[in-house]
Amino acid sequence: GAGVSQSPSNKVTEKGKDVELRCDPISGHTALYWYRQSLGQGLEFLIYFQGNSAPDKSGLPSDRFSAERTGGSVSTLTIQRTQQEDSAVYLCASSLAGSDLYGYTFGSGTRLTVV
Amino acid sequence: DQQVKQNSPSLSVQEGRISILNCDYTNSMFDYFLWYKKYPAEGPTFLISISSIKDKNEDGRFTVFLNKSAKHLSLHIVPSQPGDSAVYFCAASDRKTNAGKSTFGDGTTLTVKP
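Chains as they are written, first to last, in my numbering: chain A, 1 to 115; chain B, 1 to 114.
Okay, chain B solo, but in the shape it has when bound (with noise of 0.2 Å):
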């Protein structure tokens, strides 16, 4: 059973336009979600986490807004940049239970051309 799950394998936008990707959970106990990007041959970095307390949070070009009802968080980057192409993951966590242990996605590849 898949906790965490990014539907789509891959993503290619525009320079300058903005980048969706979207990611679905099934378990209702998670109250913090991350971001993660990954280059290849390198580790996953963090980029932007969300409280189950909130809807939305922003840093600089990226946003993550977050639908509890329909367990739906998505991470928005404008504008989208070269520089954004990585595979991104989408991590959950049960902090009152299982702080600090995270689940994650299996990602999405984004490519942002030119």
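Bound conformation, chain A alone (with noise of 0.2 Å):
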């Protein structure tokens, strides 16, 4: 596709449901990337994945949340037994070969909203 493409664009759920949220990078795009903005606050770190290396998970907040990237492609974050602190805009990225040097391009981000 012509950019990154996020789904779905906003959820709620009930605290303590498991939630997957969707990214599909753009063609070619070998790294991706997943933040998070709470409500006033900046981009958090969540995790990078290049390539078929092991993806940095150095961002992620507790063992509830987890991410992979299948075939390369397209990836899924996980958020088990959601908590409200978990309610925030997860933004997903891609860039060419994990470099940042013309920025990354964002999707439009899912706003998830725990209840």
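Please note that a few of the clues may not be correct.
Derived DSSO-like pairs: lysine-lysine, alpha-carbon spacing no greater than 27 Å straight-line [what the hints assert, rightly or not]: (1) Lys5/B <-> Lys68/B; (2) Lys113/B <-> Lys96/B; (3) Lys5/B <-> Lys54/B; (4) Lys5/B <-> Lys57/A; (5) Lys11/A <-> Lys57/A; (6) Lys71/B <-> Lys5/B; (7) Lys101/B <-> Lys57/A; (8) Lys101/B <-> Lys5/B; (9) Lys57/A <-> Lys96/B.
If you're looking for bench data, these hints aren't it; they were derived computationally from the structure.
Predicted model only: the values in this text are computed from it and were never measured.
The task is to assemble the complex, starting from two chains supplied on their own in separate frames and drawing on the hints.
Listed below in structure tokens is the structure:
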């Protein structure tokens, strides 16, 4: 596709339920990033995939969060047993070969609300 | 420990005037800096960047200045236009050890009044 696609655009879930967020990066971009933006905050790094290398998971806030990237393309971020503090906009981005030389291309995000 | 800081949450300027957005960083290993612009309900879009080997980079109405000794960078928009109203994020990366992974500030909301 022409850009980074994220689905769903909005998700409301009950506390304790699991959610899956999907990201379709730009074709040919080998690097994929997940960030989240809580209300009034900046972008918080979550996880980074680059090609076939082991992902950098250093930003995942707890073991309830996990992500995978299948076939070097689509990525899914899973949050288990959601809590209210997980409410945020989850942003996915991709770039060529793990370089931020020309910046990332971000999707429009998934707004997650945990009630 | 917030490594990239944008101390002004908001800025308001008159159309046609200069907008100056500031960013400070603490990690001396950062060697690449970027500015992104974000409209509501959209993801951030890349605006302009600068390498630590330079002190200025210009692209049309947008200029980024880097002062390494002060660990400070700024984005100048001249002349400002109402369409520039958005949230601006400063980002930085250490390309030697963490190539491609950017650390972002909290953003500054710019309002350009007609």
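_Unmet hints by their number, sorted upward, for this structure_ = Structure breaks hint 2 only.
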